[in-house]
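From just these sequences and the hints, can you work out the full model?
The listed protein sequences correspond, in order, to chains A and B.
Here full-length UniProt numbering is used: position 64 in the first sequence is 64, and no number is missing along the way.
Here full-length UniProt numbering is used: position 11 in the second sequence is 11, and no number is missing along the way.
Take the hints with a grain of salt, since some may be wrong.
Said to hold, decoys possible - Partner residues aside, some chain A positions facing chain B, computed with beta carbon under 8 Å:
#  : residue
1  : 146
2  : 148
3  : 151
4  : 152
5  : 155
6  : 156
7  : 159
8  : 177
9  : 180
10 : 181
11 : 184
12 : 188
As the list claims (entries may be wrong) - FRET-style restraints, in silico, Cβ to Cβ:
#  : chain 1 : residue 1 : chain 2 : residue 2 : range
13 : A       : 68        : B       : 28        : 41 to 51 Å
14 : A       : 75        : B       : 112       : 18 to 28 Å
15 : A       : 10        : B       : 90        : 49 to 59 Å
16 : A       : 48        : B       : 126       : 53 to 63 Å
17 : B       : 66        : A       : 176       : 20 to 30 Å
18 : A       : 66        : B       : 52        : 42 to 52 Å
By construction, these hints were calculated from the structure, which means they are not laboratory data.
From the three backbone atoms N, C-alpha and C, an ideal C-beta is built for every residue, glycine too.
Number of protein chains: 2
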Amino acid sequence: MSDGVLTREQILAAAQDVLRRYGPAKATVVDVARALGVSHGSVYRHFPSKAALREAVTHQWLEQSHAALAVIPDGPAPVRLRAWLSALFTAKRKKVLDDPELFATYTVLVGESSTVIAAHIDELVGQLEEIVAAGVERGELATADARSAARAVFDATARFHDPAHAAEWSDPAIDAQFEAVCDLLISGLVRHARP
Amino acid sequence: MSDGVLTREQILAAAQDVLRRYGPAKATVVDVARALGVSHGSVYRHFPSKAALREAVTHQWLEQSHAALAVIPDGPAPVRLRAWLSALFTAKRKKVLDDPELFATYTVLVGESSTVIAAHIDELVGQLEEIVAAGVERGELATADARSAARAVFDATARFHDPAHAAEWSDPAIDAQFEAVCDLLISGLVRHARP
Numbered sequence: 001m002s003d004g005v006l007t008r009e010q011i012l013a014a015a016q017d018v019l020r021r022y023g024p025a026k027a028t029v030v031d032v033a034r035a036l037g038v039s040h041g042s043v044y045r046h047f048p049s050k051a052a053l054r055e056a057v058t059h060q061w062l063e064q065s066h067a068a069l070a071v072i073p074d075g076p077a078p079v080r081l082r083a084w085l086s087a088l089f090t091a092k093r094k095k096v097l098d099d100p101e102l103f104a105t106y107t108v109l110v111g112e113s114s115t116v117i118a119a120h121i122d123e124l125v126g127q128l129e130e131i132v133a134a135g136v137e138r139g140e141l142a143t144a145d146a147r148s149a150a151r152a153v154f155d156a157t158a159r160f161h162d163p164a165h166a167a168e169w170s171d172p173a174i175d176a177q178f179e180a181v182c183d184l185l186i187s188g189l190v191r192h193a194r195p
Numbered sequence: 001m002s003d004g005v006l007t008r009e010q011i012l013a014a015a016q017d018v019l020r021r022y023g024p025a026k027a028t029v030v031d032v033a034r035a036l037g038v039s040h041g042s043v044y045r046h047f048p049s050k051a052a053l054r055e056a057v058t059h060q061w062l063e064q065s066h067a068a069l070a071v072i073p074d075g076p077a078p079v080r081l082r083a084w085l086s087a088l089f090t091a092k093r094k095k096v097l098d099d100p101e102l103f104a105t106y107t108v109l110v111g112e113s114s115t116v117i118a119a120h121i122d123e124l125v126g127q128l129e130e131i132v133a134a135g136v137e138r139g140e141l142a143t144a145d146a147r148s149a150a151r152a153v154f155d156a157t158a159r160f161h162d163p164a165h166a167a168e169w170s171d172p173a174i175d176a177q178f179e180a181v182c183d184l185l186i187s188g189l190v191r192h193a194r195p
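Right, dumping it as structure tokens:
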């Protein structure tokens, strides 16, 4: 492959293949370059270090959970909130069921880069905050601090999106438990009608 | 030590020492017997198998989290609920900070015996259910199903009691996040006054 057409996307795709094949402990930039048929200098032109490349791969993988979340249709905030939480749970569960080995690989990578995971959580909580704030504006939800409430919703649903709980996601009771937690959280945010 | 005075408690204490010293992968019943200066037959008289002994040690360790929970004073359900959740979080966090190695050992043991952990969760959810049901009786809380609500409260606070999250418990923001989740859950259960 000519260096001239080497794109960032091609490197990230090759890096994911290499990580899956050799595991996060053994995969190197030289392996990635070899898989692409280029020199490792060509890879370093796009990513200044092995750590930067790994973080970019991790970031891209985490971003994939967002795709489904960004398209939650407009509507009453309680409905949007549940749809958003459900889409996140579905996306994470699909990832682990589709490719458990790759999921395990990424769990190691995510554990390595605390700044990448912190930015990821910030972005997700930001999406929740937007839904909560819109609900407060429409008089559907009541909370003094939309950001803190959004973070509380995110933390209270950790069992349904944190990879540490992946083993529990095939439990037959998990869907009912997810709905019960959503019910409780939404009930805690809904502005109760006072005649 | 004479076999005649060998008690269940002595065996459990010795087994914990042995597990800590050799690790869960290597510890054997013979090691436990040697630590006590008795034959392994004497240990088997109390516990029919190595698995039974390990489960008993695990059960005892989990039970220690209950001690503080059983003494939550009577009072308004929202106050009791928060005190119970806070006592559980405090007990778990104390365990990991006091002796991280023993905590890691028990995390392995707990992962081995799904029936022991299921019984433990049932017992904890039962305590929550009692608080919720008492609150409904007193007109302080509103829920159609106290058991399901109790389970939802337990699941929604996983980040603050499940050992999978132990690494997050020294985060400076964790206490504020715990209180925010409690606020939200209690707000979801409180019967809202309607004039």
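Indicate whether the distance between the beta carbons of residue 75 (chain A) and residue 112 (chain B) respects the range 18 to 28 Å. Given a distance of about 46 Å, which is not inside 18 to 28 Å, the answer is violated.
If you take the shortest Cβ to Cβ gap from residue 159 (chain A) to chain B, is it below 8 Å? holds (4 Å)
When the least beta-carbon distance from residue 148 (chain A) to chain B is tested against 8 Å, hint result: holds (5 Å)
Does the closest beta carbon of chain B sit nearer than 8 Å to the beta carbon of residue 152 (chain A)? Constraint on residue 152 (chain A) satisfied, holds at 4 Å.
Restraint satisfaction for residue 184 (chain A) [CB to CB of chain B, less than 8 Å]: OK, holds: residue 184 (chain A) within 8 Å of chain B, min 4 Å.
Taking 53 to 63 Å as the stated bounds, is the beta-carbon spacing between residue 48 (chain A) and residue 126 (chain B) within them? holds (55 Å)
Interface hint outcome for residue 156 (chain A) [beta carbon to chain B under 8 Å]: Given a least distance of 4 Å, the restraint on residue 156 (chain A) holds.
Return holds or violated for the Cβ distance of residue 10 (chain A) and residue 90 (chain B) against the range 49 to 59 Å. holds (51 Å)
Grab the minimum C-beta distance from residue 177 (chain A) to chain B and call the hint holds if it beats 8 Å, violated otherwise. holds (5 Å)
Interface hint compliance - residue 155 (chain A) to chain B, C-beta minimum distance less than 8 Å: Where the cut-off is 8 Å and the nearest Cβ of chain B is about 5 Å from residue 155 (chain A), the hint holds.
Quick check on residue 188 (chain A) please, does its C-beta sit within 8 Å of some C-beta on chain B? holds (3 Å)
Taking the Cβ atom of residue 66 (chain B) and the Cβ atom of residue 176 (chain A), is their distance within the range 20 to 30 Å? Roughly 26 Å apart at Cβ, these two residues keep to the hinted range, so it holds.
Consistency note: the structure conflicts with the earlier hints numbered 1, 14.
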